[in-house]
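S.K.: Here is how the chains run, residue by residue.
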Amino acid sequence: MSLLLDYQYFPITKPGKGAGGKTGSWRVVKPVVDLSKCIGCKACFMFCPESTIVPKGGKVTVDYEYCKGCGVCSNVCPVKAISMVSET
Amino acid sequence: MIRKIISGNEAVATAVKLARVGLTGIYPITPQTSIIEKLAEMKAQGEIQTEIVRVESEHSAMAATYGAALAGIRAFTATASQGLLYMHEMVWWVAGSRVPVVMVVGTRAVGAPWNIWNEHTDFTSERDSGWIMAFASNPQEALDLTIQAFRISEDERVFLPVMVGMDGFILSHTKTNVLIPDQEQIDDYLPPRRQPYVIDPEDPVEIGNMFPPEGYMKLRESIHLALKNSEDIIRQHGREYNKKVSPMIDYSTLNSSYRLEDADYAVVLMGAWAGDAMEAIDVLREKGIKIGMLRVRYLRPWSEKEIRENLEGKKGVLVLDRSTSFGRGGPLYIEVKSTIRDTEVKDIVTGLGGVTVGKSDMIYLFSKFVEGIKEDVTWYYPKEVGKLDVRTPRDIE
Numbered sequence: 001m002s003l004l005l006d007y008q009y010f011p012i013t014k015p016g017k018g019a020g021g022k023t024g025s026w027r028v029v030k031p032v033v034d035l036s037k038c039i040g041c042k043a044c045f046m047f048c049p050e051s052t053i054v055p056k057g058g059k060v061t062v063d064y065e066y067c068k069g070c071g072v073c074s075n076v077c078p079v080k081a082i083s084m085v086s087e088t
Numbered sequence: 001m002i003r004k005i006i007s008g009n010e011a012v013a014t015a016v017k018l019a020r021v022g023l024t025g026i027y028p029i030t031p032q033t034s035i036i037e038k039l040a041e042m043k044a045q046g047e048i049q050t051e052i053v054r055v056e057s058e059h060s061a062m063a064a065t066y067g068a069a070l071a072g073i074r075a076f077t078a079t080a081s082q083g084l085l086y087m088h089e090m091v092w093w094v095a096g097s098r099v100p101v102v103m104v105v106g107t108r109a110v111g112a113p114w115n116i117w118n119e120h121t122d123f124t125s126e127r128d129s130g131w132i133m134a135f136a137s138n139p140q141e142a143l144d145l146t147i148q149a150f151r152i153s154e155d156e157r158v159f160l161p162v163m164v165g166m167d168g169f170i171l172s173h174t175k176t177n178v179l180i181p182d183q184e185q186i187d188d189y190l191p192p193r194r195q196p197y198v199i200d201p202e203d204p205v206e207i208g209n210m211f212p213p214e215g216y217m218k219l220r221e222s223i224h225l226a227l228k229n230s231e232d233i234i235r236q237h238g239r240e241y242n243k244k245v246s247p248m249i250d251y252s253t254l255n256s257s258y259r260l261e262d263a264d265y266a267v268v269l270m271g272a273w274a275g276d277a278m279e280a281i282d283v284l285r286e287k288g289i290k291i292g293m294l295r296v297r298y299l300r301p302w303s304e305k306e307i308r309e310n311l312e313g314k315k316g317v318l319v320l321d322r323s324t325s326f327g328r329g330g331p332l333y334i335e336v337k338s339t340i341r342d343t344e345v346k347d348i349v350t351g352l353g354g355v356t357v358g359k360s361d362m363i364y365l366f367s368k369f370v371e372g373i374k375e376d377v378t379w380y381y382p383k384e385v386g387k388l389d390v391r392t393p394r395d396i397e
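So the protein sequences, as listed, match chains X and D. Take the first sequence: its letter number 35 is residue 35 in UniProt numbering, and every next letter is one higher. Take the second sequence: its letter number 246 is residue 246 in UniProt numbering, and every next letter is one higher.
Calculated from the structure, these hints are not laboratory results. In this text, all values refer to a predicted model and were calculated from it rather than measured experimentally. Please note that a few of the clues may not be correct.
[To be verified] One-sided and incomplete, this derived list gives chain X residues near chain D with beta-carbon spacing under 7 Å: (1) Y7; (2) F10; (3) S74.
[Claimed, not checked] Distance condition first, Cα-Cα at most 30 Å in a straight line; then the derived DSS-like pairs of lysine-lysine: (4) X:K14 / D:K290; (5) X:K14 / D:K383; (6) X:K37 / X:K68; (7) X:K80 / X:K14; (8) X:K30 / X:K80; (9) D:K290 / D:K228; (10) D:K315 / D:K244; (11) D:K17 / D:K346; (12) D:K218 / X:K22; (13) D:K228 / D:K175; (14) X:K17 / D:K315; (15) D:K175 / D:K43.
[Stated by the list, open to error] What follows is a list of derived Cβ distance ranges for each label pair: (16) D:P201 / X:G58: 27 to 37 Å; (17) D:N242 / X:P15: 20 to 30 Å; (18) X:E65 / D:S338: 47 to 57 Å.
Where a beta carbon is used, it is the ideal one built from N, C-alpha and C, also for glycine.
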């Protein structure tokens, strides 16, 4: 819809990733996926409490902007493809 | 056009029918109840297609109306008094969301103590909420202003909700001659609804989310500018209404004046008692007192230009308030006083809670004002008030 007037603003936004859920500078470990081991079962995707596991081409990657480094994915992986790597 | 003898509430219901409203959120409260009764009757007889949603409170009535408006339907609700105060939160949400909605308020006193009679306090207490606020002085104007409200509200330069006030009982329940426009005339005047955004699963938007301080302030300023700019837009749509629908009442100005051009003294008021004031002015004019009246039709936007043009240079201005801002006088008085300079402004607060102020009281008040009253704000009781049977703590002991 055309909103032509320079003084007209409306209190709406387009849905997207919330800025409020972003991980700050405080994460100490991050999950790293070994793609050669990953079997694409998506157990990590199911269990990630922050929905930061992104299925991609039959396997998975991690959205580090929102990952808090809790390690749940690493624990549930049946083939031990995800290892927690220190960031400090 | 046909002429019918109907009450103010029926006139509003007719306006809603003519505007082809899609949804009305209803909850009954005196003196507005017969608007929704009439709408329900019309719906039962198949005269209107409006969806009527019965809810459990006024807060929900406005919430339902707000939701429908967000979805792109022309929406309407009506309320009064405690109901409007109960709605207060949603009233702000609607204005803040910039979504076109029209509401009619049958003005009534606010408790405690319980009082169902007429005054304007409920209406004026919403004047900071960002709504455009019109006030009718007869059932004809209630009908015309409600139809114009949809046009103004849905203008892309405005996109703000509009509230139409109407004196409870005095207009809402009194039957007079009302000229009812034809459906074709209104269809010609009122184009299909426009609004800034809609709820649509195909193209989702987020509403009611958190905004950072700067963004929030920017939005507030945008409401302020839209409300200020609406002044000319209201005049424009008023002229169009006069041309396309009915030239009977002049809507080309935000306020209406009576014998004001050559007047030395001016009276400012709002609502149905303008009729009594006009008769009182005629009597005083015969006695040689040059007095005129300015009736405020739009409390928001407040037309500083019109008020200055009409009132500056007068010997004195008397404001009659049917509402109060405790400790300060009437809200209308505060507005007028802050607008005009170099002119003496006096205020009389009267007519609260249904106290009847008629022609003779007006003649008394106006002549007293011309003689010169000392106090800035006076509380006036029409009759000799006897000792009230009010309980004090001592009685209870």
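S.K.: Taking the hints in turn, state whether each one holds.
M.R.: How the hints compare with the structure:
The criterion of a C-beta within 7 Å of any C-beta in chain D is met by Y7 of chain X, whose closest approach is roughly 4 Å, and the hint holds. For F10 of chain X, the interface hint holds, since its Cβ comes within 7 Å of a Cβ in chain D; the closest pair sits about 5 Å apart. The restraint placing S74 of chain X at the interface with chain D is violated, with a minimum CB-CB distance near 33 Å, outside the 7 Å limit. Restraint check: the Cα-Cα separation between K14 of chain X and K290 of chain D comes to about 60 Å, which exceeds 30 Å; the hinted pair is violated.
At roughly 61 Å between alpha-carbon atoms, K14 of chain X and K383 of chain D are farther apart than 30 Å, so this suggested pair is violated. For the hint pairing K37 of chain X with K68 of chain X, the CA-to-CA distance comes to about 23 Å; that is within 30 Å, so the pair holds. The straight-line distance between the Cα atoms of K80 of chain X and K14 of chain X is roughly 38 Å, outside the 30 Å bound, and the hint therefore fails. Proposed proximity of K30 of chain X and K80 of chain X is supported: the alpha carbons are some 15 Å apart, at most 30 Å.
In summary, the hint linking K290 of chain D to K228 of chain D is not supported, as the alpha carbons are separated by about 33 Å, beyond the 30 Å threshold. Annotation: proposed proximity of K315 of chain D to K244 of chain D is violated, straight-line Cα distance about 39 Å (limit 30 Å). The hinted pair formed by K17 of chain D and K346 of chain D fails the criterion: a straight-line CA distance of about 42 Å is larger than 30 Å. Of the supplied pair hints, the one linking K218 of chain D and K22 of chain X holds, its CA atoms being roughly 25 Å apart against a limit of 30 Å.
This hinted pair does not check out: K228 of chain D and K175 of chain D have alpha carbons roughly 35 Å apart, beyond 30 Å. For the proposed pair K17 of chain X and K315 of chain D, the alpha carbon gap of about 63 Å is over 30 Å, so the pair is violated. Of the pairs offered as hints, the one joining K175 of chain D and K43 of chain D holds, with about 22 Å between alpha carbons and a cut-off of 30 Å not exceeded. Take P201 of chain D and G58 of chain X: their Cβ atoms lie about 30 Å apart, and the range 27 to 37 Å holds.
Between N242 of chain D and P15 of chain X, the C-beta spacing of about 45 Å breaks the proposed range 20 to 30 Å. Checked against the hint of 47 to 57 Å, the C-beta distance between E65 of chain X and S338 of chain D comes to roughly 51 Å, which is consistent with it.
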